[in-house]
Amino acid sequence: MSHHSPQVSADLIWEVTRNQNAFLVKRAQSGGVRFSRDPFNLVNIHSRKHAGFVNEKAVGVIEEKGDKKGVTLITKKVKSTQKPGSLHHTTGLGGNKSTRKTYKTIVSNTAKSGYRSDLRPYAVARASAIRKSQTPKKDLPESKVRGAKAKKAAAEKDENPKTLSLRGTFEHSPLDPCLGVIGYAGAVLPQTTPRPSLGLEVQDFVALPLILKLNIRSSASPKDLL
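In this text, residue positions in the sequence shown follow UniProt numbering: the first is 1, and each later residue adds one.
Please keep in mind that the hints were generated in silico from the structure rather than gathered at the bench. The structure displayed is predicted, hence computed values, not measured ones. Idealized CB from N, CA, C, for every residue including glycine. You may find that some hints are simply not true.
To be verified - Quick list of in silico lysine-lysine cross-link-like pairs, DSSO-like style, CA-CA up to 27 Å:
no.	residue 1	residue 2
1	K132	K151
2	K157	K132
3	K68	K97
4	K157	K144
5	K69	K132
6	K104	K68
7	K97	K138
8	K57	K77
9	K69	K101
10	K77	K104
Stated by the list, open to error - Between beta-carbon pairs, the in silico distance windows are:
no.	residue 1	residue 2	range
11	I62	E142	35 to 43 Å
12	E142	D118	40 to 48 Å
13	A150	D118	47 to 55 Å
14	K77	Y122	16 to 24 Å
15	Q29	V8	30 to 38 Å
16	R100	L12	39 to 47 Å
17	D11	R34	14 to 22 Å
18	K137	A22	28 to 36 Å
19	R34	G147	49 to 57 Å
20	N44	E156	52 to 60 Å
21	E142	K68	28 to 36 Å
22	W14	P141	45 to 53 Å
23	D118	P141	39 to 47 Å
Model the full structure from these sequences, guided by the hints.
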């Protein structure tokens with residue numbers, strides 16, 4: 001399917017295989033759009049312009065196999081149309097090369113061999129997309145509140161002095177079952193909270209940040225620690 005006799009017209013091969021070939025991908029749920037798995041199709045669109053398997057000279061860009069990063073430039077040899085085993089020529093462009101050198105090699109190799117000039121931008125764009133997909137993604141930094149939102153949050157905090165912010169962390173503490181909502185750092189406990197079941201007074205909550213900061217792991221009761 002990827003080679004043909006030079007005596008047969010490429011247009012004739014396209015007319016015969018346009019509706020049924022090994023590379024055709026049909027998606028009825030996408031409105032009847034047709035794609036192509038042809039390695040010599042640089043945009044994966046099923047069309048005469050981009051169908052490389054029907055042409056004697058074609059160029060393709062694929063991802064390096066295995067764990068190697070980079071791309072592989074594949075081209076057809078016109079003199080080997082009757083020898084499928086040696087029809088394709090591959091040029092490895094590993095990830096250790098800069099993207100600029102990769103693009104330059106693709107352009108120079110296709111230009112020297114007389115491949116269609118309108119395919120060069122597609123080849124470079126495909127190589128760029130592959131190299132970009134191989135770049136590790138960095139975690140985005142947490143956004144900080146700034147400007148008017150920060151001022152508004154600070155003003156609301158100043159206007160609400162009846163809340164006590166608890167800071168700290170602990171893995172296991174006897175405070176968990178009696179306090180519930182403050183089982184994690186940064187919780188806010190109003191001073192008007194009802195008296196807990198272990199007999200702590202409201203004013204006893206002032207010492208809670210210290211207990212949390214010390215990361216209490218003992219089995220002593222909270223009242224004994226205050």
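Now the hints, each set against the structure:
1. K132 - K151: 40 Å, violated
2. K157 - K132: Violated, because 45 Å separates the two Cα atoms, which is more than 27 Å.
3. K68 - K97: 12 Å, holds
4. K157 - K144: 17 Å, holds
5. K69 - K132: Within the cut-off at roughly 11 Å; holds.
6. K104 - K68: OK: K104 and K68 at ~20 Å, within 27 Å.
7. K97 - K138: 21 Å, holds
8. K57 - K77: Holds, because 7 Å separates the two Cα atoms, which is no more than 27 Å.
9. K69 - K101: Given that 27 Å is the threshold and the Cα spacing comes to 15 Å, the pair holds.
10. K77 - K104: With Cα atoms ~21 Å apart, K77 and K104 stay inside 27 Å; holds.
11. I62 - E142: 35 to 43 Å: 38 Å, holds
12. E142 - D118: 40 to 48 Å: Given about 46 Å between the Cβ atoms, the range holds.
13. A150 - D118: 47 to 55 Å: 53 Å, holds
14. K77 - Y122: 16 to 24 Å: Holds - the Cβ-Cβ distance for K77 and Y122, about 21 Å, lies within 16 to 24 Å.
15. Q29 - V8: 30 to 38 Å: 35 Å, holds
16. R100 - L12: 39 to 47 Å: Roughly 41 Å apart at Cβ, these two residues keep to the hinted range, so it holds.
17. D11 - R34: 14 to 22 Å: Cβ of D11 to Cβ of R34: about 18 Å, so the range 14 to 22 Å holds.
18. K137 - A22: 28 to 36 Å: The hinted range 28 to 36 Å holds for K137 and A22, with Cβ atoms some 34 Å apart.
19. R34 - G147: 49 to 57 Å: 50 Å, holds
20. N44 - E156: 52 to 60 Å: 54 Å Cβ-Cβ, so the 52 to 60 Å window holds.
21. E142 - K68: 28 to 36 Å: 35 Å, holds
22. W14 - P141: 45 to 53 Å: 51 Å, holds
23. D118 - P141: 39 to 47 Å: About 42 Å separates the Cβ atoms of D118 and P141, which means 39 to 47 Å holds.
Going down the numbered hints, you'll see the structure goes against 1, 2, while the others check out.
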